Structure formats: C-alpha cells, structure tokens
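> Just need the whole structure built from these sequences, with the hints factored in.
Residue numbers (this note's numbering), protein chains in the order written: chain W, 1 to 106; chain Y, 1001 to 1260.
Keep in mind that the hints are not guaranteed to be accurate.
[Said to hold, decoys possible] Okay, the calculated bits of chain W under chain Y, using three or more residues with CB under 8 Å as the criterion:
#, stretch
1, 32 to 39
2, 67 to 79
[Unchecked claim] The following residues of chain W were derived to be distant from chain Y, with all beta-carbon distances above 10 Å:
#, residue
3, A12
4, E56
5, E62
6, G94
7, V98
8, E99
[Unchecked claim] Derived DEER-like restraints, expressed as beta-carbon distance ranges:
#, chain 1, residue 1, chain 2, residue 2, range
9, Y, H1079, W, P27, 26 to 34 Å
10, Y, E1236, W, V98, 46 to 54 Å
11, W, E81, Y, G1224, 52 to 60 Å
Source of the hints: derived by calculation from the structure; they are not laboratory data. None of these values were measured; they are calculated from a predicted model. Think of the CB as a built atom: it goes at the ideal place given N, C-alpha and C, for glycine as much as any other residue.
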Amino acid sequence: MARALVNVPKRAHRGEVIEVKTLIAHPMETGYRPGPSGRILPRDIISRFTCTYGGEEVFSAELHPAVSANPYLAFTLEARESGPITLTWTGDNGFRQVETALIEVA
Amino acid sequence: MTGCILAFAAVLAVLGPSIAAAAEIAPPDRRSDTIAMSPALRAMQADDAANPGMLSVLDGEALWNTRAGDAARSCADCHGPAATGMRGVAARHPAWNKASGAPMDLTGRIEMCRTENQRAPPLPAESPDLLALSAYVAHQSRGMPISPPDDPGTAAARERGRRLFTARIGQLDLSCAACHDDNWGKRLAGSPIPQGHPVGYPAYRLEWQALGSLQRRLRNCMSGVRAEPYRFDAPELVDLEAYLMGRAAGLAMETPAVRP
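Listed below in structure tokens is the structure:
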C-alpha cells in the first residue's frame, strides 16, 4: 500500500467550506521515459481520484502522464453532515487505494 | 553545440565581473536557501500536508520501529523514540568516527549502526529506505541550529572540504565558491543562485521527483560544471559535507526541504 497523507478538519460548522488536502506516494511513471537499460519504462500512473461524502461523489479528478510523482490534490467541500469522507485513487497495474477521514459537523 | 556555447556564455556573463573574488559569506549575511525559493515552493515546504518529503519521513518512522538483521533489533529497541533520542543528531553531523578514523555523515552513521548493531546488509546509496531513515532522523532536528562538532578530526575534514569548495573543476572551470560565495542572490539563467547551505537534506527536489541526499545534490552540481562527480560516500563528498555544515553553523535545520 502506498503512503498517503490526508488532511481533513476534524470538526466543522454546518455550511462551512472546508479544505481537503491529499498527498499520495506514487512514481507516476509517464510511459515515455527510457529506463537505465535504454528501454522505455512501462506507464504506471494513477488515472483517477474520487471523493465521496455522505454516500455521494462530491469531487473527482482524472490524472494524466504529465502529473508529477506523488500527486497532491486539494479541494473544498461544504460541510453538511457528520460522517466519513472517502478518498479513492485508482490507476495502472490494478492500483487502488482507499483512505477515509471522519468529520464531525455541528 | 550551440546550447553548450550559450550556456557557457551565460555562465561567463553572470560570473565574469567578480570571477577573481573568493571571500566566504560573512556570518551575519548567511541565510537559508529557502529564502531564495519561490513563494509557492516555500508554501509547499512549510505545509506538512503538502510537503512530499513528509511521505519519506513517515516511511522512515515505520522503518525506525521495524526489526532488521540477524540481531532482530529495531532502531527504537536501542535508541528509544526518535523524537527524544535523535533530536539534534543531524545538526552535528558529519562527526568524527573513532573506529574508522574518518569523518562520518548521518547516512554513514545509519549504515554503520545497521551493519554492526543490527547485523543487516547495508542499504544501497540513495535507496528509498536509506533516504527515508535519514530524513526521519534529520527531521527530529528541524528548527534546531546546525552545530558542527569542533574536534580536530572534523576540523581537518572541514579544511579539506573548504579546499574542494574553492577549487576550480570541470570543463566550465568553476568552483562551488564562484557561484555560492561570490554570486549568491544573483541569477544563473532564470534561477536564483542560493548560498548553498545544506539545511534541509535529505531534500525533496522537484527536478528529481523524489527525495535525495546532499551527496546527490553535490554530484549534481559537479556534473553541472562538467566535472566527474565523486562516487557516493567518497571521502571527498563527506569532507565537503563537513565544510558546508560548518559554513552553515547556526542556521536552522529544515529537513525535509523542498527545492526546485
């Protein structure tokens, strides 16, 4: 499993705009680069990121070979209800990682 | 070929007027290279949730607590929690090693502990695990002033390092000092020339898309002036590290720094 850093405020007021910050360790190998042997290294990237909150997809992103290694994604959400915020990264070679952060909305 | 000539001409244009001067930076003028970085890069370094070097620091924390080698001991088994046991350690390396009779940098110290006390095979230079452990240990000194040891062995290494720092090398016939002592604060092509203080190593370099050691950075600059770089862990590189840490004495540690 890749190392991921997820930063979500633990508590928020209803209606408050919160920032979700995510960082995940991934080489994001483009598929265009020659390796030490001179052969092209096969592509190995994260191609999709989704965030669900309250059972609904609230944010998603498509990632492409030009995205740097260890992609950092930050976005904002409106805090509506307490519950888990689920973050999913999927990509080449069956890569799939799920991280969950709990938020308490008062 | 045209590129070579242009690059050379650019170097001459920047360094030409003051190419003869070679004075060390006066202590009150010494400052972290982070100041020369773009605001976006500084923000990335300052925010632990955005600093990609923190991924390796967390890997290092896991390794610190993992048993390894024939001794089946983890770093934590002997040293306890790194937050107390390793605080300030990176700020006083390279340090003199009595057993080998040579100065030893933090990476070398980790490798020595690994082979002698854990009885585990050494980790290859620049391998992710070795960088992660170094970054985790160095991170414990973040905010602490660099305080190099003043024993005669390290002092001699510093002096050898100073000579390497001021010696002209490579096809471009430049010394480290020609940029980082004489022309810091100016620009080389579009990039600012920093003073070159090793405050944040291992550092995450955007160009590398990864964390790398100070030795890797030094080798980078050597190939930049088209000199043949010393191999990893060569005594010359450790001497240079010793000189640079002495030159940066008093500046605060920043590991993991983010660099362009």
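> Each hint should be assessed against the structure and marked as holding or not.
Hint check:
no., hint, in the structure
1, 32 to 39, "violated (count 0)"
2, 67 to 79, "holds (count 5)"
3, A12, "16 Å, holds"
4, E56, "24 Å, holds"
5, E62, "20 Å, holds"
6, G94, "21 Å, holds"
7, V98, "17 Å, holds"
8, E99, "13 Å, holds"
9, Y:H1079 to W:P27: 26 to 34 Å, "31 Å, holds"
10, Y:E1236 to W:V98: 46 to 54 Å, "48 Å, holds"
11, W:E81 to Y:G1224: 52 to 60 Å, "55 Å, holds"
Violated hint for the displayed structure: number 1, the only one.
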